[in-house]
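**Q** Listed below are the residues making up each chain.
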Amino acid sequence: MSTLKGKELRIVGFLCNWCSYGGADTAGVARATQPTDLRIIRVPCSGRIDPLFILRALFNGADGVLVSGCHPNDCHYSEGNFYARRRLEVLKQFLPVLGIDDRRFEYTWVSASEGQRWKEVVTTFTERIHALGPAPVLEDAQALFRVADMTLSPLHALGTGIQAPLEELKSAIKSRLPELDCVLGWQQGHDAIHSVPLFMRSPEDVDKLVWGPLNVNNLAVYLPSLKGKKTGIVVKGCDSRSVVELLQENLIKRDDVVIFSMPCEGTLDMARVMQKLGSYKTISQTDSDDKGITVTTDTGKHRFDMSLWAQGKCYGCATPGALLADVRLGTLHPVTPAPTTPPELAMLDAMSLEERRSFWKAQMDRCLRCYACRNACPMCVCRDYCVSDSRDPHWMTQDDSANEKLFFQTIHAMHLAGRCTGCGECQRACPVGIPILALRQHIARAVGTLFDGYQAGIQPKATPPLLGFEVQEKNIHEREWK
Amino acid sequence: MSTTRYVEQNALPALLEALRTAFGQEQRILVPVLQPAVKESVVFKPWQLGMAFTLKKATVPPKEAVLPPCETLVQYKRTKNPENPAELTLEVTEETHCQPTIVFGCRPCDARGFSILDRPYLQGPFADPYYQRRRESLTVITQTCNSTGNTCFCHWTGSGPTHPEGSDVLMTAVENGYWLEAVSPRGEKLLAALSLADGAPHADAAQKVRENVNATLEPAPDLSKTQARLAARFTDADFWRDQTARCLSCGGCTYFCPTCYCFNITDEGDGYGENPGRRLRTWDSCMASHFTREASGHNSRPNTQDRMRNRISHKFSTYPETWGTFSCNGCGRCISNCPVCLDIRAIVLAATSD
Amino acid sequence: MRIGVFICHCGSNIGGTVDCAQVAHDAQSLPEVVYAINLMYSCAEPGQAAIEEAIKEYQLTGVVVASCSPRMHEPTFRRTVERAGLNRYMFEMANIREHVSWIGKDKEANTNKANELVAMAVEKLRRNRPLHAQSFDVNKRVLVIGGGVAGIQAALDCADGNIPVVLVEREATIGGKMAKLDKTFPTVDCSACILGPKMVDVAQHPNITLHAFSEIESISGYVGNFTVTIRKKSTYVDWTKCTGCGACTEKCPNKKTPDAFNEFTGPTTAISIAFPQAIPKRAVINPDYCRQLQKGKCGVCAKICPTGAIKYEMEDEVITEEVGAIVAATGYDLMDWTVYQEYGGGRYPDVITSLQYERLLSASGPTGGHVKRPSDGREPKNVVFIQCVGSRDKSIGRPYCSGFCCMYTAKQAVLTKEHIPDAQSFVFYMDIRASGKLYDEFIRRTIEEYGTEYIRGRVSKIYPDGKGSYTVCGVDTLMGKAITVSADLVVLAVGIEGSKDASKLAEKLRISYDKYGFFMESHPKLKPVQTNTAGVFLAGVCQGTKDIPSSVSQGSAAASKVLTLFSADKLQNDPQISAVDIKRCVGCGKCVQTCPFGAIQLTEIRGQEKAQVIDTVCQGCGLCSSTCPQGAIQLAHSTDNQILAEVHALCQR
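Residue numbers (this note's numbering), protein chains in the order written: chain A, 23 to 504; chain B, 3 to 356; chain C, 632 to 1284.
FYI, nobody ran anything at the bench for these hints, they're computed from the structure.
Any given hint could be a false lead.
Unchecked claim - Calculated lysine to any residue pairs in the SDA-like style (CA-CA distance at most 20 Å, straight line): (1) B:K82 x C:R757; (2) B:K191 x B:R137; (3) B:K47 x A:A163; (4) C:K736 x A:Q138.
Please work from the sequences and hints to get the whole structure.
**A** Written out as structure tokens, the structure is:
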């Protein structure tokens, strides 16, 4: 369907059946003249509205989306709009990082008796959308490439962890191994600069265990599939947040996991390291000291100081040790907490909306939809039943446009809202280096601001904010409509 | 003696411009382009004058030249009889448009990928017309490797850093330029039509470069028993569990593989109204759970290890069984792009060992 | 599918600003539409007949009607298509009246919009599936929560209708607030005399089980089949043995126990019976004041009790009742008036609430019906009544009128004169609200026959005058001057709010409540007794302010709703509920966590945890659908695909 050319813009409304749809009826009964642009989709409750419906409309060319439900406390289903309020507010804060003007989406509360108010809401919103004009199309954006600046000062001293008690860890694991199905750790990969996940089932396996800045993989990703089996896991501080979040969501059972904590001094940004090493055939030697690693390849000697070559997340890391552990080894570097903005997010923050669209257009154009980002994510619970490739529900086409590919990223990001611990595995796993972590970081920051500094994966007993609500939200306030 | 030419490094853009009209047709020329990011990647993009390009090995192979990640097979439109809206006409339009393409600057492993794809797509009982149209108008100008990387193992699989299979022209870096050698009739025709300097004066230097790189290769392991051993390991669940435990079951390895050719077909839109419906063919991955999920919900490969067994066995056992050669070129992308560095070499060696 | 589309003119209501014939014509090109026509009045009998005929003639399998709001006529047309043999859910409506023709004047824009709304409805309908209600048994017992006059009425009406009733009362006696009143307006009947017999009926009715001194612990289940656990709080007296003789209360040595029934206007004993007409007339020990329970020595009541009913070791007991419907009649409490510092904030003993004054007036009260000042026991001569204390006052967040204060204040002024013939009453008021039968006449008599002085204005300050009385400063807005009155006693008409802890009960009942603790009815005009939870009904002030006759009426109304519900042997659920695709479900439990109704549980299916919807509990809000990341739980008739189809009908790129 096309809009009435020259007169109207495409504005979609999602209204709950009980209050706002009735309010729109009341406005009609009162013959309250309104702009004709809005098309209303009736849903039982504002709680039924998956924020992704709104994103779907915006990605399909809607110029504006309006959501209205019962006033807080008046929900026909008593709580639906409380959940909706949190989800819709997070969505609204999410839009700008995609390059979508957040004024194109609004949510409000209108009761069945508030016909006049409904008229004002529709009129004001329609005028706003007309002032903004037709929504820009992602596919039309000019490609823009930009690279995040990784030179940051860390919250705690970064190092290679060569003082860490690896042998103690090995004996601790060996002593617990008989009661466990397996223990997750790391071993050397195909060459000396790669380490890979290790599944320890025998003492001989334990001898393969390594510790150091090459241990980039977040092993928590394997835990949900091992649910029901007694599993040990060696964690870095950041990995432990994933374990805690999995516990928070009851995706794993506390009794089934034995957590071994090692003091993490940072991990290497393998993307940059591999770029620096370039094409090499063999590694003849690696030397570690407190500060970094020196790698000698057939093409020469390369020095990687941890202060310069760590992963983006390590600079802002405030949790070098596990938040929850059964076996704790070694000592931690002290942390000086300070507000930090991750480098990828800082890069996007500095862009205009148009630049962000151009940026994502350029990034998504090279996405091959391998979904490594999804499968590497410890919090992706759907596993084999991701909506990205399902026909029922049919959220996405198989079209490989930048639009659809970015829409998939919004699905992933929204599903992770309030749950993402920022481990960065999505981005690290991306073979073509798309900084998709920034989308999750942006939402995590919004969640923190909205919910009293909430961070996912800190408290095993905490409820993820989008799975709960407060009757009186401290930081979510209805916006003025005039 | 094949036709050879020489082109100077700084004359490459001019050469690309000249290729635009090669064979008297308007050509799409795919060149490797470096896209900056924290993890920079090299992807093939259509050449335009003034565009920066690179001759680094691409992150993503040029498979899209013959098998795009997403292509429209047919469009369909349903039209109603205005007299009787219950009466429908279905109009189906097959997508036959195909622009002749030149892949420029890929590596021998990439080029050999095309010949791996050719067998199932062209040499089976049916030729795939979409593939065929693209393949028959494809020209491959391959850059031989001056060195090999640490994940390269092309010489294990019957390819090599200077192997001509799948290429029309090989180009080898010599001092200040490139030595071009036609390695197929199509390549002969192409080089003959280009007004470039004769390659003869640089032939020796180029041969030397090629010999040098081939001399650096470690002896390849004996993989003559691999096909049979893998077949025998089909039911060895412990083997596959241990080899694949860390696999995340994403599709990275297959999507970045120059020889993986599985696809999915979906209909998008129902063809009523203004927008026609489209039947899309998109890359699929045998590493995805839904690849073998049946309508009943039953899945013949429910676990990661089943799927990895299939991937490895296909490349080193069942494809060779049908076509007589491994369907792996040893490009190593599945190792370097894997989030958990799963090493196909290690699995193949382990499977081959007694 | 074979879809028929019917575009309604609604006379000129739609036809005036929408080109209906054009919309019908355009609809013919929509997917799977085989028939489209415009009708003058589709809801009228000929219109419905035309739809039925078309369904048969064109073998339609789905119908779209574009007319008024589905909130108006969706049930009508569902019945229409059902008569013609279709499933009632194979129907969709496009609202082209309230949302199109009535709000826009531009015919071209309206027609285009109507076209799009019809296209949306068609796209949704294409994904509709026939839905079938399930029937289930009804447990024909009712729980009434609260034994005030509304709850008593509801209980008696249900019991008389031959329905077993479980009546739960928080206090030791039923009767509620009405039992505390001396007289009622406008007839000045004795409150206890008219309520007493009803209370006795409750006690004696064979269909009523009374649990006094008990509270609701938890409620689970759904309409027709609720399971309720009730905490019977310990009274330390075995009520099966207690005869209510009162011997214990006479001998109890602690005579300084606060008396809640008398609104703390006088003391009682640690073991007490609330008042002489209490039902059940049984003694209760207040453990905070009982010497035996506090210090372990006394035991007087146990020695004196002729039936040996005293049980110091008694503990709370939790019992379970199974019922099919619930009536909430939890009444109200006075708001905390001590926020009014200008009235002393509770520091002045002779500034009391109207409910306390009722007890001072009552013959069963602490003063035996002789009005005495709490401070010195002196009989007051000048009595000042202040109305709207905590009502209609936005400054303290109480914008609403408490409804009955104007009337009882007048009644109390009359009673003051009858108790103390030489007394003078003053009433500070904002407006007199006396809209009930004989109410205004009563106010008039209060002024004209009883000489009560009504002063229109609010009181700004009360302070002791140092001579044992109080100076009340106010303003007379009719005269436009400040005024001071000397008062021996000040009675505050304190505003009301939902009963203490009403919100907690509402959460157990899964019904809504407002910020003043009043329960939300299903519809303010048309469903004042129902709630949004099927099988839960409201009676009395718990739903909003009302006087005794209104409370009694609503009690009866709630009872009639229960009887209606129970008139069928089986109930049918609304099939627009959620269902789990167990293949997609990963058992993460997010839906279980967020469901407002507890309608989803995790069960083990072939060794894996999966979510399962309890069909009869699900209310169809769809929160689970928007919570489930993999789309494994879908709300029938509002599935992701249906809503996405509507989005796609509007936005295509």
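**Q** Against each hint, give a clear statement of whether it holds in the structure.
**A** Against the structure, the hints come out as follows:
1. Between K82 of chain B and R757 of chain C the alpha-carbon distance is near 17 Å, which keeps this suggested pair within the 20 Å criterion.
2. Distance check on the hinted pair: K191 of chain B and R137 of chain B sit about 17 Å apart at the alpha-carbon level, within 20 Å; holds.
3. Between K47 of chain B and A163 of chain A, the direct Cα distance comes to roughly 17 Å. Compliance with the 20 Å bound is thereby established for this hinted pair.
4. Straight-line distance between C-alpha atoms of K736 of chain C and Q138 of chain A comes to about 18 Å, which keeps the hinted pair within the 20 Å bound.
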